[in-house]
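One-letter residues, chain by chain:
Number of protein chains: 2
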Amino acid sequence: MAVIYRVNMSDLSIRTEMPGVKYAQTGGRGLTSAMIAAEVPPTCHALAAENKLVIAPGILTGTGAPCGGRLSIGAKSPLTGTIKESNSGGQGALALAALGIKAIVLEGRPADGKCYRLIVNTDGVKIEPADGLVGLGNYETVGKLLGEFGDKVACISIGQAGEMKMAAASIAVTDVEGRPTRHCGRGGLGAVMGSKGVKAIVVDPEGGQRLIPADADTFKAGAKKLNTALKAHPVTGEGLPKFGTNVLANVINAAGGYPTRNFREGQFEGTEAISGERQHDVILERGGQIAHACHKGCTIKCSRTYLDKDGQYVTKGPEYETVWAHGADCGIDDLDAIARMDRMDDDFGLDTIEAGATIGVAMEAGIVPFGDAAGAIKLLEEVGKGTALGRLVASGAEVLGKAYGGSRIPTVKGQSMPAYDPRAVKGIGVTYATSTMGADHTAGYAVAPNVLGVGGSVDPLKPEGQVELSRNMQIATASIDSAGLCLFVAFAVLDDSTALDGICEMLGGLFGTPFTVDDYLAIGRATLAAERKFNAAAGFSPADDRLPDFCKTEKLAPHDAIFDVADEELDQVFDFVE
Amino acid sequence: MAVIYRVNMSDLSIRTEMPGVKYAQTGGRGLTSAMIAAEVPPTCHALAAENKLVIAPGILTGTGAPCGGRLSIGAKSPLTGTIKESNSGGQGALALAALGIKAIVLEGRPADGKCYRLIVNTDGVKIEPADGLVGLGNYETVGKLLGEFGDKVACISIGQAGEMKMAAASIAVTDVEGRPTRHCGRGGLGAVMGSKGVKAIVVDPEGGQRLIPADADTFKAGAKKLNTALKAHPVTGEGLPKFGTNVLANVINAAGGYPTRNFREGQFEGTEAISGERQHDVILERGGQIAHACHKGCTIKCSRTYLDKDGQYVTKGPEYETVWAHGADCGIDDLDAIARMDRMDDDFGLDTIEAGATIGVAMEAGIVPFGDAAGAIKLLEEVGKGTALGRLVASGAEVLGKAYGGSRIPTVKGQSMPAYDPRAVKGIGVTYATSTMGADHTAGYAVAPNVLGVGGSVDPLKPEGQVELSRNMQIATASIDSAGLCLFVAFAVLDDSTALDGICEMLGGLFGTPFTVDDYLAIGRATLAAERKFNAAAGFSPADDRLPDFCKTEKLAPHDAIFDVADEELDQVFDFVE
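Each protein sequence line maps, in turn, to chains A and B. Mind the numbering: the first sequence is residues 1 to 578 in the working numbering, read in order. Mind the numbering: the second sequence is residues 1001 to 1578 in the working numbering, read in order.
Bear in mind the hints are in silico, worked out from the structure with no lab data behind them. It is possible that some hints are incorrect.
To be verified - Beta-carbon label-pair distances, calculated as ranges:
{"id": "1", "chain 1": "B", "residue 1": "Leu1461", "chain 2": "A", "residue 2": "Ala111", "range": "52 to 60 Å"}
{"id": "2", "chain 1": "A", "residue 1": "Pro129", "chain 2": "B", "residue 2": "Arg1286", "range": "50 to 58 Å"}
{"id": "3", "chain 1": "A", "residue 1": "Thr387", "chain 2": "B", "residue 2": "Asp1123", "range": "45 to 53 Å"}
{"id": "4", "chain 1": "B", "residue 1": "Gly1113", "chain 2": "A", "residue 2": "Lys462", "range": "30 to 38 Å"}
{"id": "5", "chain 1": "B", "residue 1": "Ala1557", "chain 2": "A", "residue 2": "Arg15", "range": "28 to 36 Å"}
{"id": "6", "chain 1": "A", "residue 1": "Ser497", "chain 2": "B", "residue 2": "Asp1564", "range": "18 to 26 Å"}
Keep in mind the model is a prediction, meaning the values are calculated, not measured. Note that the Cβ used here is the ideal one computed from N, Cα and C, for glycine as well.
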């Protein structure tokens, strides 16, 4: 039995709903985007009662599918004004799926402005006051909740940034150890959760069960294929477990696409000191853990635990994007300082990409100098204090840039560009420009064939072929995000056709119907179509599908590259949508 | 001889250009919008070198046309992202016109970030360092400049807000007394001037001359017609000179359209204390001046000088919009406090509408309570200090609202709605929604027939007829703004056909060709068409031509009105544009 819970925060009522035929074969991003597109007025204010927050495990989540534990959360974004889905690892999705929950939909807004917590278990959903949690960071919040509900529960929570309804606020999801280290980071969805007056959702899977596929043999065969492919691929089988996502730092720096000091250069002189290789050594020296899984059933294990010099736990990872955002983009080469900022971001509940990029813009504005790690930490501390400056930091690069008169703001649709300079990696530039959710590398990771030699090879410095590449990847990604699979399965999928066969067999096995690659990609196409339609109704037009002008006018060293994919070409990315 | 000066602030060079046939018969907004649309990349950052600031007197400015002294300034707006024209009274336009200057175009941006002043006289334009002026408010800036250049010069300058490149920064123009009281207020054009590194433009008309019409008799006959109509109309002949623009406070409050406490109510209990009638008495009691002209040749004289209790000059007016923004919209009923804030706005160089509306949003966010005049003044003081909070106040309601998690932000395209609630005055709501420049009452003043019984009568509470009304007014206004006439001539034009005849005769007389009403309105249509085209290329679509959602969902007392002009109707406003 699959169920959708609608939690009305205006009158504190709960309604139970069957997904029906319409939503029976979707989940994750496919479900969140379909529901937001169908139910949220596109022009509403993202923090108004009319917006909804849809929390949905992926289609395959809870089936035992390898790397299938992603949790999608969707809403109209307060950061971008577009539709938004952001997904996270951790235990949240698995716990929800074990309870047979297709989605929890937060609707309305408490008239009294009070803060609540939701308790979700086999009895359903209960709304309770969150008085003891108000104003706490994510670490203390989930610490208290696990203390009260036991360490088997998963928590989905917001920190101070979400409570303050900041546009860079994330939603934290607890990992295997019950730490709030995994985040639906992008697009400010934590602010939407904050606007609904929900501080935390405790999901107790006790008494729940694994989803039983209709055709268990086909499912199992598929799972095995994917598993084998993941183990065999050098990225998912070796690179990611050993060095984590930050294995990319040296690679992207060497390619001249590692954005440095607010996207002024493409190579950072301090890369070695913050690279995945150095991080690997530091972690092991201090007794931290590499090859750590962020949720049960992850076979890639790109996570790690980072300890300080005294061997005390600081944070997970940190991930490639986080290291870049607080590192190269700010001219900072101090891994310990970066780890501390990662911990602060997770605790306040901030998207690490947006937070770091915003500090980069603040540095360009002269608030603190580039390279000043202590100054960057102080800026972040302001967020916790709720000062005007802290609110600017937590509102993202575009807002801080505006308040400080900046003109080089590295955002698309209000969201900061991640750790690949679009001038030197043009395929990802197409994705940044055209993604339905603002600048986002995960929406269509063209870096793989542009730089990594995965999924073929497309010259990163030439405009040719990037649009087709990005289009195909955006479709495939929307399918992956709907399936609830970790995006990193794509490395195997791109190079090994048995991986994709495996995914289709798992889906076919689950539903008990034949499931082709076309069926699979149709999920992605339909999802993108719904998202594009929402955005058009919200006021987005082709001219919004553009990179910031400086990417077209300022040459990026060392390749002296500009972004030169023609506007007319960018407008062809979604040529499959009506 | 008419001339366009192009001032390149990147290499500090000046180029002199003839307007050519293309620009021979236009001026003011018609010229600024045509040049911006032709020369500025619509997707550029408004503070980037690619943007241009075009400063142009109206077509009739300098001819002796009554009320013909408006100065248009245009650019891509850092506040709205749209094309923008903002016009002002004062002596600036007359001084430029006397020198035969069609436009001064500020281009590029100083690489060294230094600050300059321009000296404009019969010799042309000179660029000089502005070292002694950096960081000063407008009053001190123009005080120094008039001390140096004499009291015959006109100054066009920015205060601290413009230097900081704040999105609510205005451009000040000196009045007849040489005070920086007249402002191109809206759209943050002061930030564009700041980004060009130009602190002030000194215009010395010495040696210049009045424009000589080709057909002086026709021109004179037209001027006389307009003059007579202005004197005869009760608004321009009596109401405005006696009570100033703030004569509207009681009228709009009585109509239930006076936005109170951040647009929560339509009537303010403190209106009487801040009304134009009370203001009239206070001004005369203290020895201030009513019926004051903001520039030579103004026959309406709606300006006034406001003194404090000790008889010391504080500020001009203050105007209706300013009194509302810092008064009713903030729940403040203290005319002296409002006058002090008006003076601060003028000195820092802030749009008084945006500044007041932003304080209203800050009050709703709980930064200071509604009605707290001292708190409001303190917020404004932060602007001068350049603190993070001050920068938020100077960045406008949308940015401050975002940083404080607000969801009732009274803006369209990022610009605050002025002093008429669109739910109770629906014609002006159509103008706010669809204007090419964000929420702006002057773009199509439907209040006249909606509330004032001028230009016929259209029920303000019904959706019917508002689109046609707004369309016609937006066209007529774009023509008036191009002619360089004060918008207030429209009161006479709407009720007395001889006024419009007079305008056409002045234009025909000036050019020495027959000039029909159709010719006149064609200027407005062409201007709007160019503006719409620019905005579309900048990413604006029909879904951007909407009021904030709360206007459609929250009923406004006392009429319990919502804004219910259908979206499909709004999309018909510009049906005359390709």
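Hint check:
1. Leu1461(B) x Ala111(A): 52 to 60 Å: 28 Å, violated
2. Pro129(A) x Arg1286(B): 50 to 58 Å: 56 Å, holds
3. Thr387(A) x Asp1123(B): 45 to 53 Å: Holds: the Cβ-Cβ distance is about 51 Å, inside 45 to 53 Å.
4. Gly1113(B) x Lys462(A): 30 to 38 Å: Once the Cβ atoms are compared, 35 Å apart, the range 30 to 38 Å for Lys462(A) and Gly1113(B) holds.
5. Ala1557(B) x Arg15(A): 28 to 36 Å: 32 Å, holds
6. Ser497(A) x Asp1564(B): 18 to 26 Å: Given range 18 to 26 Å: violated, Cβ gap about 56 Å.
When held up to the earlier numbered hints, the structure conflicts with 1 and 6 and fits the remainder.
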